[in-house]
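Place chains B and C on chain A using the hints.
Chains as they are written, first to last, in the working numbering: chain A, 1 to 110; chain B, 1001 to 1102; chain C, 2001 to 2135.
Hints were generated in silico from the structure; no laboratory data involved.
Certain hints may be false.
What the hints assert, rightly or not - Here are the computed lysine-lysine pairs in the DSSO-like style, where the Cα-Cα straight-line distance is at most 27 Å:
| no. | chain 1 | residue 1 | chain 2 | residue 2 |
| --- | --- | --- | --- | --- |
| 1 | C | K2051 | B | K1014 |
| 2 | C | K2111 | A | K73 |
| 3 | C | K2062 | A | K95 |
| 4 | B | K1014 | C | K2083 |
| 5 | C | K2111 | A | K69 |
| 6 | A | K105 | C | K2062 |
What the hints assert, rightly or not - From the derived model, a few chain C residues whose C-beta atoms are all more than 12 Å from chain A:
| no. | residue |
| --- | --- |
| 7 | I2004 |
| 8 | K2006 |
| 9 | R2012 |
| 10 | D2073 |
| 11 | E2084 |
| 12 | L2093 |
Said to hold, decoys possible - Ranges of calculated distance between the beta carbons of each label pair, as one might list FRET restraints:
| no. | chain 1 | residue 1 | chain 2 | residue 2 | range |
| --- | --- | --- | --- | --- | --- |
| 13 | C | I2030 | A | K83 | 22 to 28 Å |
| 14 | B | E1047 | C | V2019 | 24 to 30 Å |
| 15 | C | E2110 | A | G27 | 46 to 52 Å |
| 16 | B | E1047 | A | D42 | 53 to 59 Å |
| 17 | A | D46 | C | E2102 | 21 to 27 Å |
Heads up, the beta-carbon is just placed ideally off N, CA and C, and yes, glycines get one too.
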Amino acid sequence: MPIEVDGKTFETDEEGYLANLNDWVPGVADVMSKEDDLELTDEHWDIINFLREYYEEYQIAPAVRVLTKAVGKRMGKDKGNSKYLYGLFPYGPGKQACRYAGLPKPTGCV
Amino acid sequence: MSILHTVNKSPFEKNSLDECLTHSTDGCAILLLEDGVYAAMQGTNVESAVKDAMASKKVYALGPDIKLRGLSTDRIIDGIEVVDFAGFVDLSESNDKVQAWL
Amino acid sequence: MSKIKKFMYVNRRAPYGTVYALESLEVVLIGAAFDQDVSLAFIGDGVYQLKSDQDSSDSDQKNFSPIYQALGDYDVSKLYVEKESLEERGLTLEELMPLTYEDEDDDWAEKDSIRVVSRDEMAELMDQQDVLFNF
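Only chain A is shown next, with the shape it has when bound in the complex (with noise of 0.2 Å):
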């Protein structure tokens, strides 16, 4: 189902995650956020970021437990855990975080 953003359209998949990743502008993430009943916190943007600057190195979406290790070492041991991530993304980290950011489903997500 396509979203609205700031009166602009974009078009997502199936499951919600945006078409073209170049499209992404923050307001998409603040638009899906709000459909979940989520206040996006710096906290959420740094693993939002943290999380394009993955794809655009990598070219792909990690999976969880492969983004938890890397923002652990990016960001402390206190940020690079599950209960810290899950706590910010109840959905899991990986998929809601990625959704988010405009990227596809994490790689290696089953």
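Below, chains B and C alone, put in the same frame as chain A:
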């Protein structure tokens, strides 16, 4: 009657290049593209076959496919002409027909 | 838990011309979720997958070579490249992408993932596997 032959398969995986070289006549044009561009590189096992063919045939290679595969135009066999997509079109036009060795 | 098995993905095709290389990579990344002993073999035209400097800026295909850099994050750290296959193609190890992983058992030291082996050694490695996937 001039023919432009195109080869888009790796010479190490398929015999397309071999068959092209043995079924083409002097003065024809051969364009290496897609995985066919690997045959344009120096130092490979097929380099001498390509060089032999170049004595009587003109060999070209498609630049964008060379770049995509991380190959360097510095390492192309001397005498092979690198062309872009527009050059490919020109070659198709300047020859009577095209034979694509798939 | 069942015994850890040795899985080897054998990559034999050049990238881009066919879809095998990218398909293999995706299967490897998905399979990496199941803690097994995974290794990748690159023989024949498969060695071209690891060529450095792949650049899609003049092409309408996507350069997927950066994904190989993520293999270390997925705990895939054994990439065997066949020496004879490189030589037949006029390639050297220095012309391949540098690929590394961090060794958990050695204070996360960064180590090379690529190991060049002879054809005979590659045959031996294949013999030692429980499961082989050929792309």
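Notebook entry, point to check: Which numbered hints turn out to be false for this structure?
Noted result: Hints 10, 15 not satisfied by this model.
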